[in-house]
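Protein chains: 2
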Amino acid sequence: MRVTLFTEYSFKVLLYLAGRDAALVTVEEVARECHMSKNHLVKVIQNLVHSDFVNSVRGKHGGIRLARAPELINLGDVARQTGMNLDEVDCFDTSGHDCPFVNDCKLKHVIRNARRSYMAIMDGYTLDAIL
Amino acid sequence: MRVTLFTEYSFKVLLYLAGRDAALVTVEEVARECHMSKNHLVKVIQNLVHSDFVNSVRGKHGGIRLARAPELINLGDVARQTGMNLDEVDCFDTSGHDCPFVNDCKLKHVIRNARRSYMAIMDGYTLDAIL
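These protein sequences, in sequence, are chains X and V. The numbering of the first sequence is my numbering, which starts it at 1002 and goes up by one. The numbering of the second sequence is my numbering, which starts it at 1002 and goes up by one.
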């Protein structure tokens, strides 16, 4: 049960931008200050822009900034939009079709409930609460 | 946020043994019926024996069986004993010491709360509930 690096980087970018208020910030600045590789960061930012958490302004004096106030950015939404799909429980093992319990696996239901409970906590916070 | 393969295999072994009641079962049988490699399985079983979930009986007619009734095997305990350490939130990225937020990271507290909530659900079930 680990938060993925992609989700982690996304949270870091959002925290950094929140700390810079409405200022436009270059990707280079975020990469430098948050100690991330620019390659990694570009994909993270593309996804944050696509998910409407971040605005991107092109041009010489362009950059990125939060698209909404921190109190309108829900942590559960960020987790989901960055790949933490916690509602679905696949058979963990890719060879799950061989599992003798697959047809009536009650463990899945327990894990699904546990994950929902996890997300309910995340859903209870917005970005401003962790600044 | 994924259950590890080690935890998954552990649950499968416990479910299989619970289905065989108190019978002694060979490792070969579990490997065959649960479609696991014997190499993997040996480590999983060693850990289950060490954690007192499973008894191992040596000898020609030996084998393994549950060490306790299914209603005394808590799913949260199994998760913890098989490596799901959910109380601790390390910086996800191993280069976390470079993180500008590391000294006062409130995201950690949220994630710790979310993980505790996850485990509280697992702690609410025993093996008999998922048979």
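Check the hints yourself; a few may be wrong.
Since the list can't tell identical chains apart, any single copy or any two copies may satisfy a pair.
[What the hints assert, rightly or not] DSS-like, lysine-lysine: derived pairs with alpha carbons at most 27 Å apart:
1) Lys-1107 <-> Lys-1061
2) Lys-1061 <-> Lys-1039
3) Lys-1044 <-> Lys-1109
4) Lys-1044 <-> Lys-1107
5) Lys-1109 <-> Lys-1061
6) Lys-1039 <-> Lys-1109
7) Lys-1039 <-> Lys-1107
8) Lys-1061 <-> Lys-1044
The hints are simulated quantities; they were obtained by calculation from the structure and are not laboratory data. Treat the numbers as computed from the prediction; the structure is a model and nothing was measured.
Right, here's what the structure says about each hint:
no. : hint                  : result
1   : Lys-1107 <-> Lys-1061 : neither (56 Å within a copy, 34 Å between copies)
2   : Lys-1061 <-> Lys-1039 : within (18 Å within a copy, 61 Å between copies)
3   : Lys-1044 <-> Lys-1109 : between (32 Å within a copy, 23 Å between copies)
4   : Lys-1044 <-> Lys-1107 : between (37 Å within a copy, 25 Å between copies)
5   : Lys-1109 <-> Lys-1061 : neither (51 Å within a copy, 36 Å between copies)
6   : Lys-1039 <-> Lys-1109 : between (38 Å within a copy, 24 Å between copies)
7   : Lys-1039 <-> Lys-1107 : between (43 Å within a copy, 25 Å between copies)
8   : Lys-1061 <-> Lys-1044 : within (21 Å within a copy, 58 Å between copies)
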